[in-house]
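Chains as they are written, first to last, in the numbering used here: chain A, 84 to 536; chain B, 397 to 634.
I should point out that these hints are in silico values taken from the structure, not numbers from a laboratory. The reader is advised that the hints may include incorrect statements.
[Claimed, not checked] Derived SDA-like pairs (lysine to any residue); straight-line CA-CA distance at most 25 Å:
1. A:K348 <-> B:S565
2. A:K498 <-> A:G334
3. A:K348 <-> B:L439
4. B:K495 <-> B:R632
5. B:K481 <-> B:G559
6. A:K348 <-> B:P434
7. A:K348 <-> B:G559
8. A:K348 <-> B:G433
9. A:K498 <-> A:F216
10. B:K495 <-> A:A171
11. B:K495 <-> A:Q189
12. A:K225 <-> A:Y138
13. A:K348 <-> A:V137
14. A:K348 <-> B:G450
15. B:K495 <-> A:I170
16. B:K505 <-> B:W573
17. A:K225 <-> A:A465
18. A:K348 <-> B:G444
19. B:K495 <-> B:A578
20. A:K225 <-> A:P464
21. A:K225 <-> A:I444
22. A:K348 <-> B:R632
23. A:K348 <-> B:V448
24. A:K348 <-> A:A204
25. A:K348 <-> B:F454
26. A:K348 <-> B:A451
Okay, here's what each chain looks like letter by letter:
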Amino acid sequence: MADPLTSSTTPAAMTGIPTSRAPASTLPDGYGPRSRWLDRRLPVISLLRREYVVYPTPRNLNYLWNFGALATVALAMLILTGIFLAIAYTPTAAGAFASVEAIDRQVGSGWVIRSTHMAGASMVFAALYVHTFRSLYYGSYKEPREVLWLTGMLLLVMMMVTAFAGYVLPWGQMSYWGASVVSGAISSLPGIGHPLAVWLQGGDTIGDVTLHRYYALHFVLGFLILGAVVLHVVALHVTGSSNPLGIEVKGPQDTLPFHPYYTSKDAIGVVLFLIAFAVLVFYLPGWLTQPDNYIEANPYSTPADITPEWYFAPFYAVLRAVPSQLGGLLLSAGSVLVLFAVPWLDTSPVHSARFRPLYRIAMMLLVVAFLLLLACGLHRPAGIWLALSRIATLYWFLHFLVLLPLLGGIETPLKLPDSIGRPVLPPRQATISTAGAGLPMPDGAMAQRMEND
Amino acid sequence: MAVQTDPQTAGPAPSGPDFSGPDFSGHDSHGHHPESGPRRDFLTLLTGAAAVIGAGAFAFPFLDSLAPVGGPDAADATVDVDLSKIAPGQQIVVVWRGKPVFVVHRTPKALLGLQDTNLTDRLRDWASRERQQPDYVVNWHRSIAPEYGVMVGICTHLGCVPGYVPNPSATDPVANWPGGYACPCHGSKFDLAGRVFQGAPAQYNLPVPPYSMPTRSSLRIGLSPDDLDFDFSTIRQL
Chain A
84 MADPLTSSTT PAAMTGIPTS RAPASTLPDG YGPRSRWLDR RLPVISLLRR EYVVYPTPRN
144 LNYLWNFGAL ATVALAMLIL TGIFLAIAYT PTAAGAFASV EAIDRQVGSG WVIRSTHMAG
204 ASMVFAALYV HTFRSLYYGS YKEPREVLWL TGMLLLVMMM VTAFAGYVLP WGQMSYWGAS
264 VVSGAISSLP GIGHPLAVWL QGGDTIGDVT LHRYYALHFV LGFLILGAVV LHVVALHVTG
324 SSNPLGIEVK GPQDTLPFHP YYTSKDAIGV VLFLIAFAVL VFYLPGWLTQ PDNYIEANPY
384 STPADITPEW YFAPFYAVLR AVPSQLGGLL LSAGSVLVLF AVPWLDTSPV HSARFRPLYR
444 IAMMLLVVAF LLLLACGLHR PAGIWLALSR IATLYWFLHF LVLLPLLGGI ETPLKLPDSI
504 GRPVLPPRQA TISTAGAGLP MPDGAMAQRM END
Chain B
397 MAVQTDPQTA GPAPSGPDFS GPDFSGHDSH GHHPESGPRR DFLTLLTGAA AVIGAGAFAF
457 PFLDSLAPVG GPDAADATVD VDLSKIAPGQ QIVVVWRGKP VFVVHRTPKA LLGLQDTNLT
517 DRLRDWASRE RQQPDYVVNW HRSIAPEYGV MVGICTHLGC VPGYVPNPSA TDPVANWPGG
577 YACPCHGSKF DLAGRVFQGA PAQYNLPVPP YSMPTRSSLR IGLSPDDLDF DFSTIRQL
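So here's chain B without its partners, still in its complex pose (with noise of 0.2 Å):
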């Protein structure tokens, strides 16, 4: 038969033992029990050490699922394009990891004009010296197949979307102006290659993302071409 044989419950009267619970008056304030030596320390430290691990351990789930999943704007993603229904000298805008893409069909007369020497000298980086797109891109064309342009359609300055005025004139956006892309916010010019002009707040030229062309009529954005690579967050400037 078990019996309790707590001191602290038994007693005929007050009289008896003391009824008032443990003594605590020989614990300091940080809950040491000097009375009861290192093993009450020790089980108090490996409690702790017990709670904490299981809390680190608690703590993964909640964080990991924080971190990205797949998705359209994944940074794996990519974007198939059908190049056979775009007519020359017309733009399509695709998004891509939540970002404008401009795919442009480049007419002869303007894959002409890319490389004219009038134009060139306009520019602030016509040979793409600056990391802006792909080893395999660094052309004359910045891109792998010279009629069709691609490039993130986002602005070096500030972020604004520049507009697409493929057509030459002499006067609008700016005199002599041999056809490109004029962004709206602050004035910034980029040819029809994504190259940028001099005089305009815009210091690079438009970034080319990875991309590859499985079939002569078709892009996929965001893969790299076979036996190549390209991290697009190592670009100079988005």
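Here chain A stands alone, though its shape is the one from the complex (with noise of 0.2 Å):
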């Protein structure tokens, strides 16, 4: 009893710090007095513990739950690779170019560095959209997660203008062009385009000053985004995952703690996605890149096809639909912002798909028009490319402004589970389920079943 941080009793008397407000700290047994010491100083220990150890998860998300941590490896990675490379790129209209060859050529392990810079600008993105896309069919931005979905947007977001910013950096033909075609989107908005184009590329034309801005820009996002990164887990972490089945946590019964079973699932899914990172990287460091990109920018001579990175091409096909140039600027971004509003837009009060049988059709045609606008948008707009790109646009505003609040008074949804830990059979599944295994179905398995009907 003689050391005071052994003792667990009454820690204010004996360390002199105040406890007016509930304390921070709150570690349970079979923690040692260092530990204890530190965390009624700074209780990281205790956060940890809270939110990534106890932390009550709901026991049935499946590996489309992954996603989130996937981005985040990925966003990881790029901040990491991308101050080795600020510390070996020039940002000047006259260095840029040789400076990246010189990465790729010279600097020491600077070709495996900046290969995996791009490779996981995809990565991040493919990640996003996969996450994106869950969010859409289970619901998850429905009640009590809309800013949780809002501060997922922003992230959106700011990860593209990051990607293109960066995407100027190398100062190639695609690089000098694509911020060409841009500047001159911005400039055809009425009234405020020009002097806003102006504005951002400091000067008439695209030049050193521009690349300079656009350099700065790239960088101070990447870490922004990583503080909106912690505003997105924060959301999170406050009203708890959602989950395939859409309805709440009611009671511990409905949960698992975070580790190790979320820690594990999510650990197979980084490894996979690792592996597909590595290949990218190692194997197909071209693969995803445009070669006129390897030619050093030249504004008197643009190539012959101006071809949008993959993971922008669906909003590129948008804006190429329209055959009105500022019509197409506003559907094209129109087509990202709507997604803001889709916590206002989607009138149901069921959140999973599984549940909402008209909903789930219209879900499997917006993916459908995704995939076909990603496809468009890396084709020539003609012929069928062209006249595809103009369904799926009109698939894809009608499913957000039309379908999802109407969807809701027409539609006539499944009986939901009573919870997550005990789901209501139908007596039918039960029947056959009892019948097939001769065994008695567990509940939980039942989840399953249901979906995949």
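Two chains, each in its own frame: build the complex with the hints.
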């Protein structure tokens, strides 16, 4: 009893740390005196334990719930490789292209750092798109997770701006003409367009000043995204994760501790994700890049075919589907911005598409429309590709602006289970399952069956 | 037909099996799992070791990228100088590895002065005993060809660039000045072979870089003559 650190009773009286507010440190028995000493002063151990160890997580999350963690892993890779690229990069029109070549050929391991950064951009967008469609399918944006959804959409937009700014930095032909096309698009806004473009690019044309600005923008936005991820995660941990049944957790029987159940489930996803990442970095470094970007920027010669990076292709397809400059720009921006309004466009109280037969079909069509737009954005806007891009664009807006508000009233949802732990079994399935397996069917497994019907 | 038989998810009513998830009461604070024996400890150790090795391998390219790369300041950079453009008595300054290098065309009169015992008596190290130059220039003129002096123009006191004061003078910068270099910072003096004068703060002669003469009228600074070698980083004082 001589050492005050080992005492778990009346810490305030013995350490002099006031406890007028609820103590932030909530360590259970089993932690040593040094952990307790630190945790009373800065409750990092309590925080990590509360949010990542005992954190109650719905017990029925499937692998689609891995993709937020996967996007975070890709973001970490981007920031780390980005810092080391910034050390070797020269942000001037005269020096940028040569410095990128030097990174690939002279800087020690520079080729792998740059290849990881480029593949990282594709990996983060791939993860984000799956993550977003998962949220749409399972209604993860609905009450009480509207702000969580908004922070996520903010992250998506920030990621797009960052990716665009980053693509300008190598100062190749695609960098230059990509920046040129975007400046042109901004200029086409009525009234403010031209002054805005001049203000953004620091002159009437794209040049040294523009490159320097995009460099600062790209660098700063990377860290702002990190901050927005913190907001997103805080919002997530306030409401808790959504789940494939779309019903709220009603008690401890519906949850599992995050560790070891979801740390290990996420770890499996991360390993598979890193394998795909490594294949891109080491075996297909040129697969997702445009050969034209290895030709230095030339303001007097436009490449024959300007193609965006694949992750911008769907929105580029919307831009070209509309035979009006301003209209294309507005619809293209609108196809992203409409996502922000989804929690208020969707009128159905049922979260998961598993219990919404019509919405489920509409969601499948939305995914098809997105993939079609992606393909259209990578092809010349003529013939079948132009027609497809117009149909897909039409469906994109129809889905969000017409179907989402109307389906809530038209559709008859299936009966929701009482809780995550004990879903109510439809009698038909219970009979089949019991007969088929010769065993009493566990309730948790029935949820899986219903989805696979 | 696959059936999930995890008893944690089964049970019709709260009165049935326990829903509250696994029992963690058997864990101590270090996450050991006494109830599952050494197998899980081994798997945890193996996973941890794989993660540590992976992190180490992943760290390598980042540290590797910070290593120096080639360029004008690199340790193996060389600079070529055309001596035919330098008039007798004239000095030029070239940049080699980021440092100023004096290349001076000494006149016959200046060369005679370098061998004058009245001068060498006033020098700290007239015979170049300290390692401030390659062995192949340890001679009375501290160079390969007597008429061309090559020295790194950084004062061995505190690193200023000495000024070129080639003409003899009775009073300036000091009494009985034979011609040489005078440092503006703390008054150190060197003769036209870069040898340091007594009575001033600098202790060592101006360093001579490795160099060679591919022809009689050209220098290659940074590269020793064939069959010879000199590592500039081994000099006593820069």
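Outcome of the hint check:
A distance of roughly 86 Å separates the Cα atoms of A:K348 and B:S565; the hinted pair therefore is violated under the 25 Å criterion. With a C-alpha separation of about 20 Å, the suggested pair A:K498 and A:G334 falls inside the 25 Å cut-off, and the hint holds. Only pairs whose Cα atoms come within 25 Å are accepted, and A:K348 paired with B:L439 is accepted, the gap being roughly 15 Å. For the given pair, B:K495 sits about 17 Å from B:R632 by alpha-carbon distance, which is consistent with the 25 Å threshold.
Proposed proximity of B:K481 and B:G559 is supported: the alpha carbons are some 21 Å apart, at most 25 Å. A C-alpha spacing of about 22 Å is found between A:K348 and B:P434, which places the hinted pair at or below 25 Å, so the restraint holds. At roughly 71 Å between alpha-carbon atoms, A:K348 and B:G559 are farther apart than 25 Å, so this suggested pair is violated. A hinted pair counts as satisfied when its Cα atoms are at most 25 Å apart, and A:K348 with B:G433 qualifies at roughly 22 Å.
Pair hint A:K498 plus A:F216 holds up; C-alpha atoms about 23 Å apart against a cutoff of 25 Å. Of the pairs offered as hints, the one joining B:K495 and A:A171 holds, with about 23 Å between alpha carbons and a cut-off of 25 Å not exceeded. With a C-alpha separation of about 23 Å, the suggested pairing of B:K495 with A:Q189 holds against the 25 Å cut-off. Proximity of A:K225 to A:Y138 is assessed by CA-CA distance (about 21 Å); at most 25 Å being required, the pair is judged to hold.
With a C-alpha separation of about 15 Å, the suggested pair A:K348 and A:V137 falls inside the 25 Å cut-off, and the hint holds. Taking the CA atoms of A:K348 and B:G450, the gap is near 19 Å; set against the 25 Å cutoff, the hint holds. Restraint check for B:K495 and A:I170: satisfied, since their Cα atoms lie roughly 23 Å apart, inside the 25 Å limit. At roughly 14 Å between alpha-carbon atoms, B:K505 and B:W573 fall within 25 Å of each other, so this suggested pair holds.
A C-alpha spacing of about 39 Å is found between A:K225 and A:A465, which places the hinted pair above 25 Å, so the restraint is violated. Taking the CA atoms of A:K348 and B:G444, the gap is about 16 Å. The hint holds against a cut of 25 Å. As the CA atoms of B:K495 and B:A578 are separated by approximately 18 Å, the hinted pair is consistent with the 25 Å bound. Among the hinted pairs, A:K225 with A:P464 is inconsistent with the structure: their alpha-carbon atoms are about 37 Å apart, more than 25 Å.
A threshold of 25 Å between alpha carbons decides the hint, and for A:K225 with A:I444 the separation of about 19 Å falls inside it, so the pair holds. For the suggested pair A:K348 and B:R632, the alpha carbons sit about 61 Å apart, so the restraint of at most 25 Å is broken. Proximity of A:K348 to B:V448 is assessed by CA-CA distance (about 19 Å); at most 25 Å being required, the pair is judged to hold. Between the alpha carbons of A:K348 and A:A204 the distance comes to roughly 24 Å, so the proposed pair stays at or under 25 Å and holds.
The hinted pair formed by A:K348 and B:F454 meets the criterion: a straight-line CA distance of about 23 Å does not exceed 25 Å. At most 25 Å may separate the alpha-carbon atoms for a hinted pair to count; A:K348 and B:A451 meet this at roughly 20 Å.
The earlier numbered hints that this structure contradicts are 1, 7, 17, 20 and 22.
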